[in-house]
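> This is what each chain is made of:
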Amino acid sequence: MPNIPNYYARLGLPLDATPEEIRRAYRLAARRLHPDTREAGETKLFLDVQEAYETLSDPHKRMVYDDQLPPEYTTPPAVTITTLFSRASLPRVSEPQLIYALLELSAQPSQEESTTTPVNLALVLDCSTSMQGAAMDTVKATAIELVRQLRPNDLFSLIAFSDRAQVLVPAGSQQDHAKIETAIRMIQPSGATEIFRGLEAGFSEVRRYRSSKYTNHIILITDGRTYGDEAQCMQLAEDAVLHNIGISALGIGGQWNDVFLDDLTKHTGGSSMYVAKPRDIRRFLIEKFSGLGQSYAERVIYDCESGAGVQLRYAFRLQPETSPLEINPPLQMGNIPRDISLSVLMEFLVESVPPDAASISLCEGRLTLNIPSRAEPTYTVRLNLSRPTTNEADNEPPPAAIVQAMSRLTLYRMQERARQHVAEGNVREATRRLQNIATHLLSQGNYELAKTILSEADNLQHTHAFSEEGEKRIKYGTRGLLLPASVEEKPQ
Amino acid sequence: MIICPNCQHKEISGALFCSNCGAQLIEGESTSTQNIERGPTGQLEEEHLAAINIPIPDTLPESRVSLYILESGQIIPLVGREEYTLGRSAQGQPILPDIDLTPFKAYENGVSRLHASIKVGKQIFATDLGSVNGTLLNGKRIPPHQIQTLNHGDVITLGKLKIQVLIRQ
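Chains as they are written, first to last, in the working numbering: chain V, 1 to 492; chain D, 1 to 169.
Source of the hints: derived by calculation from the structure; they are not laboratory data.
Computed from a predicted structure; not experimentally measured.
Ideal Cβ placement from N, Cα and C applies to all residues, glycine included.
Be careful, since some hints might not be right.
Unchecked claim - Reference excerpt, derived from the structure (chain V facing chain D, CB under 8 angstroms, subset only):
1) 82
2) 84
3) 92
4) 94
5) 95
6) 96
7) 97
8) 100
9) 397
10) 403
11) 414
12) 421
13) 422
14) 425
Could you build all of it, start to finish, from the sequences and the hints given here?
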């Protein structure tokens, strides 16, 4: 390990960063990390950033520093970035236009990087009274199965929470499996659900050994709603981002708050998942766990700014783990698995294209990858998206990949709108949208989901609200449409 | 600005799908339903509407409910299920409608891939599944996604394809 600190990585900057970029990156990081706004214990991060800025902002110091940079810092990682656009060019018109960009990042790990990354995982289990029965039993059995799959250098911790949290297994590797299994078997559900208690304990376990050599992650499993501590949870998600820790959540049944858990997890680049029946818990957890172990690049972040008169309206991760993304920069895109690409679809609204513009910048920024298997994990590249302009609109059909993704994403977004309509009290509009979704599903042969949606539309007309279960079935059902066909959920 | 051909919703140009009804707004798919020419009033031509007063055949088939394709004279018995989807098959379509009307010039007649459904219970119901060219019941357009009671001898028109419903009492 080289002794020279990687100042570029600390500020999330490419090696050829301009002085202006350095200033801006420092200002942003300083604002986020300043001791006055943070709790104690985060000061180190702030000092690190300050140290980096002192060198990089001084042209002479920077030159001396750049000369000593070891090759680990300067060799780009084996990640291919491809971008497809829904239109080859933008016509010069004053009316607003939409354009879609499909970003695909795929990994070609080198020989040395071929070993899989160890995980630093905290399993945070909701053990409130409502979990009693099949849900608790399946969660316990699956937790034991996961423990048996741990590799020698994986770090594992286990937290049981209700209205208080208990660290059943403190973070560590090569633990006594028999002892852990006993601890898991002894869990007795009782009490209410206070998610912050569990998350906080899980966070402090993962953070203890947190390093860029691990895939650091918290998996939260819950079946209930948390009251009053949402803001604290969001603050914790913010801290998790600073420490390179991802959070995923698995919700069981209809009672949990999917909107909140979606917000919480996507803030860290993770995602929320839904299972209707306890028997599906196992498959989801095992998949999630093996996914974490197969990750090549962790926490891919696109720190970007939309061009003048351009607005990023929507961003959605198609794979792995389909999920809408938070569109406020920096975009937390998630991870790049070793075997499949990370695909993100972005929708840009271009207000108007001036008659004298030769091209339109959709967004400009830097893409930061964290690759635990590399000698120096953090690497940043510049990534700008722009399109040339033309006098006439071109009539080339958009790439099939974008059309296909949008045909399904449209249904998911119609579902989002329907929920919005209900929230606004517009039941008629919501019902109509649900019926439209059902029509499309029927024509695609997806009878199961179509039936769920139509019965929910019926229910909506009578009760003027979604049923909690139906709402989630529709949301995660339409989200599931975006999965590649091979892993699509079979109707039960 | 683009106007969705299906629901007349306004979309920003460059949109690929209608955000209101989900219809595809761009060219490129050959399997999309053919739009039937409409008269100046936007209504289908008179001849397509004149589907009423069609004589009922004297001998009824064995099954309780059957569909009588008027143009070809063929009769399709509805047996074994409670609900049937009517439409046409198209390339790349994962699941076929229960009653595939392709042999009866469904495409030329403007039948959607999933056009309508018929529910067989105590009573018989028809529902238009949001088809492109719509469904008529005895010459009158029925609103999409709303169930309509069918009686013996009723004629439903999918696009331009006329089908008489035969029900044994």
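> None of the hints should be skipped; say for each whether it holds.
These are the hints, each one checked on the structure:
The criterion of a C-beta within 8 angstroms of any C-beta in chain D is not met by residue 82 of chain V, whose closest approach is roughly 19 angstroms, and the hint is violated. Interface restraint check: residue 84 of chain V against chain D, minimum CB-CB distance 13 angstroms, threshold 8 angstroms, status violated. For residue 92 of chain V, the suggested interface contact is broken, since its CB lies about 13 angstroms from the closest CB of chain D, more than 8 angstroms. The beta carbon of residue 94 of chain V is not positioned within 8 angstroms of any beta carbon in chain D (closest approach about 12 angstroms), and the interface hint is therefore violated.
Given hint, residue 95 of chain V at the interface with chain D, holds; its Cβ is 6 angstroms from that chain's nearest Cβ, closer than 8 angstroms. With 8 angstroms as the threshold, the beta carbon of residue 96 of chain V comes within range of chain D, its nearest partner Cβ sitting at about 5 angstroms, so the hint holds. The criterion of a C-beta within 8 angstroms of any C-beta in chain D is met by residue 97 of chain V, whose closest approach is roughly 4 angstroms, and the hint holds. Hint status for residue 100 of chain V relative to chain D: holds, with the closest Cβ pair at about 7 angstroms, below 8 angstroms.
Hint status for residue 397 of chain V relative to chain D: holds, with the closest Cβ pair at about 4 angstroms, below 8 angstroms. For the restraint placing residue 403 of chain V at the interface with chain D, the shortest Cβ-Cβ distance is roughly 6 angstroms, inside the 8 angstroms limit, so the hint holds. Hint status for residue 414 of chain V relative to chain D: holds, with the closest Cβ pair at about 6 angstroms, below 8 angstroms. A cut of 8 angstroms between beta carbons decides the hint on residue 421 of chain V: the least distance to chain D is about 11 angstroms, and the hint is violated.
Of the supplied interface hints, the one on residue 422 of chain V is violated, with its beta-carbon coming no nearer than about 16 angstroms to a beta-carbon of chain D, more than 8 angstroms. Checking residue 425 of chain V against chain D: minimum C-beta separation of about 19 angstroms lies over 8 angstroms; hint violated.
When each numbered hint is compared with the structure, violations occur for hints 1, 2, 3, 4, 12, 13, 14.
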